[in-house]
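Just so you know, the protein sequences line up as chains Z and B, in that order. Taking our numbering, the leading residue of the first sequence gets 1385, the next gets one more, and so forth. Taking our numbering, the leading residue of the second sequence gets 64, the next gets one more, and so forth.
One thing to keep in mind: the hints can contain errors.
So these bits of chain B aren't anywhere near chain Z, every CB distance computed over 12 Å [what the hints assert, rightly or not]: (1) 77; (2) 139; (3) 175; (4) 181; (5) 207; (6) 240; (7) 300.
What the simulated footprint calls covered on chain B by chain Z, stretch by stretch (three residues with Cβ under 8 Å from a Cβ of chain Z suffice, anywhere in the stretch; the number is not a length) [as the list claims (entries may be wrong)]: (8) 82–94; (9) 122–130; (10) 225–239.
When the alpha-carbon atoms are kept at most 25 Å apart in a straight line, the in silico BS3-like pairs for lysine-lysine are as follows [claimed, not checked]: (11) 1579(Z) / 272(B); (12) 118(B) / 1579(Z); (13) 79(B) / 103(B).
Bear in mind the hints are in silico, worked out from the structure with no lab data behind them. Note that beta-carbon positions come from the ideal geometry of N, C-alpha and C, so glycine has one too.
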Amino acid sequence: MLIENAKVVSLKKITGKIFLIKVLSPQIASLAKPGQFCNIKVTDNLLPLLRRPFSICNINGDSVSFLFDTHGEGTKLLAGKKKGDALDILGPLGNGFNYESDFDLAVIVAGGMGSAPFPFLIDALKKRRKNIICIIGGRNEKDIITYGMKNIFLSTDDGSNGYNGNVIQLAAKLKDKFVGKKVQFFGCGPNAMLKALKEFCAVNNFNCQVSTESAMACGFGICQGCPIPAVEEDKYFLVCKDGPVFNSRDIIL
Amino acid sequence: MSNINLSVKIGKLELKNPVLLASGTVGYGNEISQFTDLSKIGGIVTKSISLMPRKGNPPQRVVETTGGMLNAIGLANVGVEDFINNKIPFLKEIDSTVICNIAASSIEEYVECIRLLEDQEIIKAYEINVSCPNVKEGGIEFGHNLSALGSITNKVRSVTQKTVIIKLSPNVSRISDFAKVAKEEGADAVSAINTLVGTAFDIWTRKPKIKNITGGLSGPAIKPVALAKVLEISRNVNIPIIGIGGIMTWQDAIEFIIAGATAIEIGTVNFINPSAGTQIIQGISDYCTKQSISNINEVTASYQL
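Using the sequences and the hints given, assemble the complete structure.
In structure tokens, the structure reads:
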């Protein structure tokens, strides 16, 4: 991990309030692994004070891209960046996905902004010739992010696009596609979704890695601000350092 | 830089420069060492160590506020035994001065922690945390009671020859009364201030943004309060002060030194810019050059009121 003074290459709107920012950040690009994140200072002054954590969406050569949703002051400022603007980035942080294990089929389950870390993972999976299924959901059509995804099955809570229901219900319907195969689930999304995914995978005996999120200050283990309860009694993991990716069996969601 | 003397002395503790990294913002040194050369920093103050490991508070533990942040970590730490076995070896590798911060829920526990740590030569001083706002027992309750603070200081003093620093709470009406008691009972110095008690609400759920309901406010938002507390101690009690509270830049550090601090600790800035320490030291040195000051100690309590 290091701090790099990156330059904005491009900023584009993906859907609704969702943007993709691409920055020139050669050192971080050379070190990053799928599932890791960066902690970004969105201004060079004290407002806002803290960095903001974002999943690494993908790496292209010397560039790093981040998908984000403009929901607060920090992300609104990020959405106002222009080509050539400087951006102070700390990263890459966290452990990332383990995609080297023995499986044939990767089932990616993403809810809303949970799509953010998967384009990078999908590129790595393609290089390893793994089969991929993406189950992507949201409350409505505007929440659906398919950027960088592959072999997509959609669900919306209101039925405005794809299956009328949530991603876990859709995964259950698609179960025939997984049985008899060596399957690895990868999930990212709201906590309720991850919790349901953990239960679904436990019942069906599928391996599952989930990418979690938490409020945090530093992003590299010194503030201790991002605990997540461990299954192991009386213990917390830190999302920033022990995660953000966990085996779903190891954490309480 | 070579012709300016930045070294300061606090009790027996000699620091190569007045910049310390504050407890709870550097862990036990290993993570931050990837960003900053700890051998160049005046010293590091460890995360609070307690006799037994502490799991800490449930999430959410931190939230940003305007110009600051609230935290309620709950003194999560590995405990004194694991600290000695697994953290001290790294601290020995880096050529930095180590101050061990100690938290406890009874006077006996403070004394027992020091007894266990006393042989560790790497530890040059103890910072006694009597002002953590985020734990129910001990912590801030000691820091808000003059006689409790006096007893702790007295007992701690009686079991160690190393430098003893009492970290004071700002959540009191007259902080200088507490500094005076600390001095009378044998403390070598006080560090001021710990965080201010604060809270924040989510207006849609009407729930506090942190699970502990209240947390400790830190960051630039508290700097004017911290400076006033340092000045109050400086004007009323003859004891070395380590100034803490919202220091982000070398200018902030100089302000604290002018207000009475012999040394300063930087905290929240480490989360944002983990190499801030070395930058602040350089800034202090350049300030001295510009002001034709040969010794940083000349700046301490040099206020013109």
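### Query
Taking 8 Å as the C-beta cutoff, is the stated coverage of the stretch 82–94 of chain B by chain Z satisfied by three or more residues?
Held - the stretch 82–94 of chain B has 5 residues with a Cβ nearer than 8 Å to chain Z, which meets the minimum of three.
#### Entry: Coverage of the stretch 122–130 of chain B by chain Z, judged on three or more residues with CB within 8 Å
holds (count 8)
### Message
A cut-off of 12 Å on Cβ-Cβ distance, and residue 175(B) was said to be off the interface with chain Z. Does that hold?
### Response
22 Å, holds
### Query
Would you say the stretch 225–239 of chain B counts as covered by chain Z, given the rule of at least 3 residues with C-beta under 8 Å?
violated (count 0)
### Message
So residue 139(B) supposedly isn't at the interface. Is its beta-carbon more than 12 Å from every beta-carbon in chain Z?
### Response
5 Å, violated
### Task
May I ask you to check that residue 207(B) keeps its beta-carbon over 12 Å from the closest beta-carbon of chain Z?
Since the minimum Cβ distance to chain Z is about 24 Å, residue 207(B) lies beyond 12 Å and the statement holds.
### Message
Next pair to validate is residue 79(B) with residue 103(B); report whether the Cα-Cα distance is within 25 Å.
### Response
Holds - the C-alpha atoms of residue 103(B) and residue 79(B) are around 8 Å apart, at most 25 Å.
### Query
Is the Cβ of residue 300(B) more than 12 Å away from each Cβ in chain Z?
Holds, because the least Cβ-Cβ distance between residue 300(B) and chain Z comes to about 32 Å, which exceeds 12 Å.
### Pair hint outcome, residue 1579(Z) versus residue 272(B) [Cα-Cα no greater than 25 Å]
22 Å, holds
### Message
For a C-alpha distance cap of 25 Å, please report whether residue 118(B) and residue 1579(Z) respect it.
### Response
23 Å, holds
### Given as non-interface: residue 77(B), partner chain Z, CB spacing beyond 12 Å
26 Å, holds
### Closest CB of chain Z to the CB of residue 181(B) still more than 12 Å away
26 Å, holds
Hint compliance for this structure: hints 2 and 10 are not met, and every other hint is.
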